[in-house]
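Going by the working numbering, the first residue of the sequence shown is number 47, and it counts up by one from there.
If you're looking for bench data, these hints aren't it; they were derived computationally from the structure.
Keep in mind that a hint or two might mislead.
[Said to hold, decoys possible] With a straight-line cut-off of 27 Å between C-alpha atoms, the simulated DSSO-like cross-links for lysine-lysine are: (1) Lys54 with Lys202; (2) Lys202 with Lys175; (3) Lys50 with Lys175; (4) Lys51 with Lys78; (5) Lys202 with Lys78; (6) Lys78 with Lys50; (7) Lys168 with Lys202; (8) Lys168 with Lys49; (9) Lys51 with Lys202.
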Amino acid sequence: LAKKKMAKAYDFVFASMCPSIRGGEGFEGLEKMVAASRNWCGINQFIYHRDSLYEELVEEFGAPSHPDPHNDREFVSTVFNYLWEQGYEVNIHTLSDTQTTFYPVETVLADYWATFSEVAKKEKKSFEKIIRTSSEDGQIGITNALTTALILWQVKK
47 LAKKKMAKAY DFVFASMCPS IRGGEGFEGL EKMVAASRNW CGINQFIYHR DSLYEELVEE
107 FGAPSHPDPH NDREFVSTVF NYLWEQGYEV NIHTLSDTQT TFYPVETVLA DYWATFSEVA
167 KKEKKSFEKI IRTSSEDGQI GITNALTTAL ILWQVKK
């Protein structure tokens, strides 16, 4: 960071769903955030996500084989513990929201088929029929419940 003149160059360094913070050796990404900040750092992480249609499709076809990065409470506690052990005073704030949004059936078919095509083919059940049965007047309501955690710490110890 020093070579790029980024050391202590920013008042607030922020990451949200950033792979470089999550991966690599140990906590290198967090250390780079601290090194770039003069004052505060923050990380946003979804810790809970439920989608009513997704849940229905999982029940019908089984879960797709990829992990969901929107349900990672463990990451938040790992970051908190690491920063706390480093002597930082860490604050965690959460925000939750639930809302129902209506989408055209054709849009939903395309979006969800990308996730469920593999398991839906194996089950030989009518993916399209399930979606269309859940719709009304060409629209389908999907209820999403989300919780995000914001981890904040001041780099001045």
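Going through the hints against the structure:
1. A threshold of 27 Å between alpha carbons decides the hint, and for Lys54 with Lys202 the separation of about 11 Å falls inside it, so the pair holds.
2. Restraint check for Lys202 and Lys175: the C-alpha separation of about 58 Å exceeds 27 Å, so the hint is violated.
3. This hinted pair does not check out: Lys50 and Lys175 have alpha carbons roughly 56 Å apart, beyond 27 Å.
4. For the suggested pair Lys51 and Lys78, the alpha carbons sit about 13 Å apart, so the restraint of at most 27 Å is met.
5. About 15 Å separates the Cα atoms of Lys202 and Lys78, which keeps this hinted pair within 27 Å; it holds.
6. Only pairs whose Cα atoms come within 27 Å are accepted, and Lys78 paired with Lys50 is accepted, the gap being roughly 12 Å.
7. With a C-alpha separation of about 55 Å, the suggested pair Lys168 and Lys202 falls outside the 27 Å cut-off, and the hint is violated.
8. Restraint check for Lys168 and Lys49: the C-alpha separation of about 53 Å exceeds 27 Å, so the hint is violated.
9. For a cut-off of 27 Å, the pair hint linking Lys51 to Lys202 stands: about 19 Å separates their Cα positions.
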